[in-house]
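Participant: With the hints as extra help, turn the sequences into a complete structure.
If you want the building blocks of each chain, they are given just below.
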Amino acid sequence: MDIQGKRTGIIVTIALLWGAISVLGWYEMYMPGLYLGVLLMFLHMVLGVSVNHKVSKKFLIFPLIPWAVVWVISFYLSNMHANIFTGVMPNFTILGFHPSFSWTVLLYWIGGMLTLTWGFILYKDEWLSSSEWDEFKRKVELIDQGQKGGR
Amino acid sequence: MTTAVKVMIIGFSFAMLLVSLLIGLWAKRKVNTAKEYFGGTGLFGPAAVGLSSTAAVASAFALVGVPGLLYSTGNAMNFWMLSSAAFAMAYIILGKKIRAMAEIGEVASLGDISDLRFNNNRLIKGLMSVIIFLGCIAYLAAQIKAGSELFNNLLGWSPIVTGFIIFGVLTVYTAISGEVGGLLTQAFQGLVMVVAGLIIIVSFFVITGGFGNVLEVVSNAGTITAGDVSKSFGPDFMNAWGILPKSVAMAWVIIPILGTVGQPQVLTRMYALKDPKDMPKLGLYAGLAHMVVGFFALVVAYGALYLVGTGKIDPLAVADNAIFAYADYLGLYAQLFVYAAVLAAAMSSASMFLTLSGNIIARDLPSAFGKEFKSEEKQMKVAQITIFGIGILSILFSLTSAEMVAILGTFGWGTLMSGTFPVFIIGLLWKGANSKGVTVGLLLSLILNVASLMGMTWPGALPWYVNVIAISILATVTISLFTKEDHMDEKLDLVMDL
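Top to bottom, those sequences are chains A and B. Sequential numbering of the first sequence, starting at 1, is according to my numbering. Sequential numbering of the second sequence, starting at 152, is according to my numbering.
Rather than coming from a laboratory, the hints here were simulated on the basis of the structure. Just so it is clear, the structure is predicted and the values come from calculations on it, not from any experiment. For glycine and all other residues, C-beta sits at the position ideal for the given N, C-alpha and C. It cannot be assumed that every hint is accurate.
What the hints assert, rightly or not - Computed far set for chain B versus chain A, every beta-carbon distance over 12 Å:
1. Leu172
2. Leu305
3. Lys532
4. Gly540
5. Leu547
6. Leu579
What the hints assert, rightly or not - Calculated lysine-lysine pairs in the BS3-like style (CA-CA distance at most 25 Å, straight line):
7. B:Lys179 <-> A:Lys137
8. A:Lys58 <-> B:Lys587
9. A:Lys54 <-> B:Lys529
10. B:Lys642 <-> A:Lys124
11. A:Lys58 <-> A:Lys124
12. B:Lys587 <-> A:Lys137
13. B:Lys529 <-> A:Lys6
14. A:Lys148 <-> B:Lys642
15. A:Lys139 <-> B:Lys181
16. B:Lys428 <-> A:Lys137
17. A:Lys139 <-> B:Lys425
18. A:Lys124 <-> A:Lys6
19. B:Lys582 <-> A:Lys54
20. A:Lys57 <-> A:Lys6
21. B:Lys425 <-> A:Lys137
22. B:Lys529 <-> B:Lys179
As the list claims (entries may be wrong) - Computed from the model, here is a short list of chain A residues facing chain B with C-beta under 7 Å:
23. Met41
24. Gly48
25. Tyr76
26. Ser78
27. Ile94
28. Ser100
29. Leu106
30. Ile121
31. Leu142
32. Gln145
33. Gly149
Facilitator: And the structure:
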């Protein structure tokens, strides 16, 4: 996916998201704030993973999109179970945890680690391959040699 | 606590201090150039860098303050402590670009990267250095205070004496071995924290029987009183948000996760890595170490809640004592590791922020004002004296100005983010970020950080630094959009496209 012409738009969106999240926080609108937070992180990673303005579809399909979905579901379920059991002890637990907090443990913490960290290792060449790094170093060396020769 | 137990705790903790000193002295032999002394640039593998990054990120606050917050306000702070995915995210976002900067010029400090990105703009380097210095000093003072008070509470030793023994030794090995010794000692201290974490996690299940029992106790215990101290429990403590305003929980998701990429202790470690292709492994090692440390803080808080709720110990007069009350209940083996882990957390973050502050004063700020050193040896000598001076002054300051340290304690993570996001995150992800935009973003960040320190209030319950970060990013992007792009040299262009 080519983001050459979209980079500025993504950065403007990132800046607006920071503003929006702050304002939502002032008014205790924490759930929209959290969803926008996931989008904010996603956009940063899309920019970070691109090489020569190309974003690997493989890396988008895994780990980025599953990670975003896992976290959105985590926040939704945490909130749902917090609302259901407000002021009372829940009538069931998940691994011994309050159901609301169990999603923090299972999806936010372990799910986040498994998707992002595992996906990063699995598709590390989509982020930076040996040939791309070597090519970068070769070009830097050529420029250095050109600059020395020009002196 | 018996005298024998106290002697063993001191012996164990001081053995860790001695090993750190020996590592620092050994590391001195590996330091030959300013690049190695200031940055440890391109010298280390992912295991050492991963452990060191976790140790530097997890300060004494993570092991003392966080269980205290969980004990008093419920689970919200767990979003911060369970943010282990943040390392992989940070490296995905910026890892290759920061590491690549070390290939196109001399990179031994964050100021060097700022120079390469913004054509040696002195104002940007100066403003960024001042903001980062503020955050570093805040962290450093808090670590020294926590480490010194640990032994003051345990043994009744004067904090000044303890401070000078522990952090004096730390200052000596940090000054002589720079970032090389700093990184290796932090890796060792990170290992101590991980081992302590594993022991305490196992003991938690033995003592409580598991999370279900804790949930039941906390949901049903009501209010427990002993003497003048009461502790109220309730089921909402144990849901995901705890009992704080939920916007605070929202901030404690976004700020630690995305903020990790803006922490100097993470950014500098990206260029300390020898091979950039090891960045995914670095994410794994740092993430796994962080998982243990994060879970360590969680089980300590849950353990303390369980013990108070079941009447096995009295309610805590000071919530931050949760970790010590829990360790004292568990007995000798837990006390040995918990006290050593807290000391390791304080020392690893302190040495990190000491070298960062030293680099800023001896390297980045002088060059921002146009002062260049004649030789690398001279620059390293100045840095050693500076680190030594900052270390001594910080010990005196943190142990004699309790009120100021408490105020500075609100600085740190958010302040560092507001100083690094315009320069490195926006600056390296977007060619359109120009000197004018970044200068305005940093200037606003500095003014608003200081204003917040002076008592400026913000709307809502959101932590103040979220607003400062948002404003500095919005200003950076808006001004950059409407002003001319900077000239970018060919090599920088290659990094930006990577």
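Participant: Look at each hint and say if it fits the structure.
Facilitator: Comparing the hints with the structure gives:
No Cβ of chain A approaches the Cβ of Leu172 (chain B) within 12 Å, the least distance being about 34 Å, so the stated non-interface status holds. Every CB of chain A is more than 12 Å from the CB of Leu305 (chain B) (nearest about 32 Å), matching its label as outside the interface. Residue-level check passed: Lys532 (chain B) sits 30 Å from the nearest beta carbon of chain A, beyond 12 Å. No Cβ of chain A comes within 12 Å of the Cβ of Gly540 (chain B); the nearest lies about 38 Å off, and the non-interface call holds.
Every CB of chain A lies more than 12 Å from the CB of Leu547 (chain B), the least distance being 38 Å, so the non-interface label holds. Not every beta carbon of chain A lies more than 12 Å from that of Leu579 (chain B), the smallest distance being close to 9 Å; the non-interface claim is violated. Restraint check for Lys179 (chain B) and Lys137 (chain A): not satisfied, since their Cα atoms lie roughly 30 Å apart, outside the 25 Å limit. A threshold of 25 Å between alpha carbons decides the hint, and for Lys58 (chain A) with Lys587 (chain B) the separation of about 37 Å lies outside it, so the pair is violated.
A C-alpha spacing of about 45 Å is found between Lys54 (chain A) and Lys529 (chain B), which places the hinted pair above 25 Å, so the restraint is violated. The hinted pair formed by Lys642 (chain B) and Lys124 (chain A) meets the criterion: a straight-line CA distance of about 24 Å does not exceed 25 Å. Between Lys58 (chain A) and Lys124 (chain A) the CA atoms are separated by roughly 11 Å; this keeps the pair inside 25 Å, and the hint holds. Distance restraint check for Lys587 (chain B) and Lys137 (chain A): the Cα-Cα separation of roughly 30 Å exceeds the 25 Å cut-off, and the hinted pair is therefore not satisfied.
Of the pairs offered as hints, the one joining Lys529 (chain B) and Lys6 (chain A) is violated, with about 47 Å between alpha carbons and a cut-off of 25 Å exceeded. Taking the CA atoms of Lys148 (chain A) and Lys642 (chain B), the gap is about 14 Å. The hint holds against a cut of 25 Å. Restraint check: the Cα-Cα separation between Lys139 (chain A) and Lys181 (chain B) comes to about 30 Å, which exceeds 25 Å; the hinted pair is violated. With a C-alpha separation of about 13 Å, the suggested pair Lys428 (chain B) and Lys137 (chain A) falls inside the 25 Å cut-off, and the hint holds.
Restraint check: the Cα-Cα separation between Lys139 (chain A) and Lys425 (chain B) comes to about 20 Å, which is no more than 25 Å; the hinted pair holds. At most 25 Å may separate the alpha-carbon atoms for a hinted pair to count; Lys124 (chain A) and Lys6 (chain A) meet this at roughly 24 Å. Distance hint between Lys582 (chain B) and Lys54 (chain A) is fulfilled; the C-alpha atoms sit about 15 Å from each other, no more than 25 Å. Between Lys57 (chain A) and Lys6 (chain A) the alpha-carbon distance is near 16 Å, which keeps this suggested pair within the 25 Å criterion.
Between Lys425 (chain B) and Lys137 (chain A) the CA atoms are separated by roughly 14 Å; this keeps the pair inside 25 Å, and the hint holds. Restraint check for Lys529 (chain B) and Lys179 (chain B): the C-alpha separation of about 16 Å stays at or below 25 Å, so the hint holds. With a least beta-carbon distance of about 6 Å to chain B, the hint placing Met41 (chain A) at the interface is held under the 7 Å criterion. Taking 7 Å as the C-beta contact cut-off toward chain B, the hint placing Gly48 (chain A) at the interface holds, the least distance being around 4 Å.
For Tyr76 (chain A), the interface hint is violated, since its Cβ never comes within 7 Å of a Cβ in chain B; the closest pair sits about 11 Å apart. Hint status for Ser78 (chain A) relative to chain B: holds, with the closest Cβ pair at about 4 Å, below 7 Å. Residue-level restraint check for Ile94 (chain A) is violated (minimum Cβ-Cβ distance to chain B is 9 Å; threshold 7 Å). A cut of 7 Å between beta carbons decides the hint on Ser100 (chain A): the least distance to chain B is about 4 Å, and the hint holds.
Below 7 Å, beta-carbon pairs count as interface contacts, and Leu106 (chain A) has none with chain B, the closest being about 11 Å; its hint is therefore violated. A hinted interface residue such as Ile121 (chain A) counts as satisfied when its beta carbon comes closer than 7 Å to some beta carbon of chain B; here the least separation is about 4 Å, so the hint holds. Among the interface hints, the one on Leu142 (chain A) is violated; its C-beta lies about 10 Å from the nearest C-beta in chain B, farther than the 7 Å criterion. A least Cβ separation of about 12 Å between Gln145 (chain A) and chain B goes past the 7 Å threshold, and the interface hint is therefore violated.
Evaluation of the Gly149 (chain A) hint against chain B yields a violated restraint, the C-beta minimum of about 14 Å exceeding 7 Å.
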